[in-house]
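Position chain B relative to chain A; hints supplied.
2 protein chains.
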Amino acid sequence: MTGLAEDKLKLQLEQLIAGKPSALARTITAVENQTPEARYILKGIQPHIGNALVVGFTGPPGAGKSTLINAYVRELRNRGKTVCVLAVDPSSPISGGAILGDRIRMAEHTGDAGVFVRSLASRGHLGGLSRTAARVLDVMDASGRDVIVIETVGAGQSEVEIAGVAGTKVVVCAPGLGDDIQAIKAGILEIADVLVVNKSDMPQAENTKRQLRTMLHLRQASDWNVPVLGTVATTFEGLPELADTIDNHDEALRGADHKIDPHQRIRRVLAETLAHAIEDKLMGSSDPALIEVLNDVQSGELNFDEASQKLLEQMKLL
Amino acid sequence: MTGLAEDKLKLQLEQLIAGKPSALARTITAVENQTPEARYILKGIQPHIGNALVVGFTGPPGAGKSTLINAYVRELRNRGKTVCVLAVDPSSPISGGAILGDRIRMAEHTGDAGVFVRSLASRGHLGGLSRTAARVLDVMDASGRDVIVIETVGAGQSEVEIAGVAGTKVVVCAPGLGDDIQAIKAGILEIADVLVVNKSDMPQAENTKRQLRTMLHLRQASDWNVPVLGTVATTFEGLPELADTIDNHDEALRGADHKIDPHQRIRRVLAETLAHAIEDKLMGSSDPALIEVLNDVQSGELNFDEASQKLLEQMKLL
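So the protein lines, in turn, are chains A and B. Using our numbering, read the first sequence as starting at 1 and increasing by one per residue. Using our numbering, read the second sequence as starting at 1001 and increasing by one per residue.
Excised from the complex, chain A in its bound form:
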């Protein structure tokens, strides 16, 4: 790197940390494209990570997620907080328009320097989205914004993975579960830190809340009791309570230094990447030790958990 190029990068890094939107936008593009500049900046921002509250919203289409996020951002602005919105659309090479529609709804906040909005699309490589999102979060975090909101379009596997990099995960649904239950059972209830029944002025809302609470009882107990909130995003009902609840969860996540462990989201994405790699490897392997284990499963000698355990023991494991 020439001295001049390095000076420029140093300036970009300074401007990013100072919260300048143009530096933030430029750096995100560099991170998306994995340029050498991105490496320089990712290194430089390390001391500035771990302050932002990162909250991911997911849930089936039709639950009014975008309107709710819009209202949540308004509540944050009322409280004097600065915000980044990271909108992620795993389907975008095909559906394209979904996020664009959301951006139009987010128009309420254009011209407000306290709200920075950025979309990420998959460009045909689905698995890569949560990886890029994790690094973009670091950049947004370092820019000094108080809250980062991750918005995903639906409630599929990719959305769950992407939302998984957030510290606080909000799952939004509409009253009258019906088809929604299809989305909710697909692993998204398991990741929820906060459940929201939006449009809770509809008649079935109370019933839906009750159903969700019953479903939650099937989950393993943990330190955090997942609250089930009701909101009406269009009339702002329940928004202050939602913001408080998200704050409380974020506070519970933080250590004694009041920082979020920045390894946590990287660890999650790396674990997923490695798991996929190992799955691929196993599908193609003809290693004799593996074949022996497969034979033992086939004949009923081992069940899948025992077989997995046996393979784990044969690997030098971290």
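Don't take every hint at face value.
[As the list claims (entries may be wrong)] Within a straight-line C-alpha distance of at most 30 Å, the following computed BS3-like cross-link-like pairs (lysine-lysine) qualify:
(1) K1020(B) / K310(A)
(2) K310(A) / K1259(B)
(3) K281(A) / K1281(B)
(4) K310(A) / K1281(B)
(5) K43(A) / K1310(B)
(6) K1043(B) / K259(A)
[Unchecked claim] Footprint (simulated), chain B over chain A, 3 or more residues, beta carbon under 8 Å:
(7) 76-88
(8) 197-209
I should point out that these hints are in silico values taken from the structure, not numbers from a laboratory. Every residue gets a Cβ at the ideal spot worked out from N, C-alpha and C, and that includes glycine.
Positioned in the frame of chain A, the structure of chain B alone reads:
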């Protein structure tokens, strides 16, 4: 095991292989509950596995999947084939009724000894369903049925995993993608061997087929070109073509001995089980080598693929 108990088991095994429904039902229950009897029988059926055509149907709710499966089973019966239907509902502890509704629709085939229907429910342990399904398939396969149909309720992550144990994977959707695309992008297009647009007498059907073909172009090329078929399950339109296409795909899967490699579905489930175990392990590990790699990702020295590769190399891999 006493001699008497072993005699009884031997008889059950013989009756199972002879295709007796009561022996099939009893054995499936034993496999679900992982009893010692199940081990004995899983061992005994080994030489009798690999003959059945196994086809999994998945797709968003509302696509008319159950009606289509019902019609497909009728087509198979017209062709003189014997059938097992394995209905799997990952959400059943909560929604309960979904599969029951399907069973009522399957009533057309009750009293037909050539159709054996069995439901599997998750009993609260989601990850275990595809494992149980894989073993139940072996039992159904050994019972000499020509075709085994796996029916899942929705199109979430668990359904995709369960359908993944089938040799031939059929993804069903309705015309007018809209919300369906939410389900389709959640990894289910990736697994499809055959795509069906059901209710294809609706006006948007041709448009939907075209969209699906475009989406398929984004997939990696393989030996098998995924066909996009149109059906109207209620009027039986396109059913013979669907049955032929499934036969063709099954034929393409078979080796020189015309048998399906029975390791294939067990390998898939074992790979998933191991991948989940490794993901859990990584989330909780404080191994210094892992922390070093995490630091390198954090600082931008390594991207996620490079980091995953490095960890793979540090493991004694199969």
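Against the structure, the hints come out as follows:
1. Proposed proximity of K1020(B) and K310(A) is contradicted: the alpha carbons are some 36 Å apart, above 30 Å.
2. Restraint check: the Cα-Cα separation between K310(A) and K1259(B) comes to about 28 Å, which is no more than 30 Å; the hinted pair holds.
3. The suggested pairing of K281(A) with K1281(B) holds, with an alpha-carbon distance near 18 Å, which does not exceed 30 Å.
4. At roughly 14 Å between alpha-carbon atoms, K310(A) and K1281(B) fall within 30 Å of each other, so this suggested pair holds.
5. In summary, the hint linking K43(A) to K1310(B) is supported, as the alpha carbons are separated by about 20 Å, within the 30 Å threshold.
6. Between K1043(B) and K259(A) the alpha-carbon distance is near 55 Å, which puts this suggested pair outside the 30 Å criterion.
7. Counting residues of the region 76-88 of chain A whose beta-carbon sits less than 8 Å from any beta-carbon of chain B gives 0, not enough to reach three: the coverage restraint is violated.
8. Taking a C-beta to C-beta cut-off of 8 Å, the region 197-209 of chain A contributes 0 residues in contact with chain B, too few for the three needed, and the coverage statement is violated.
In terms of the numbered hints stated before, the structure departs from hints 1, 6, 7 and 8, listed from lowest to highest.
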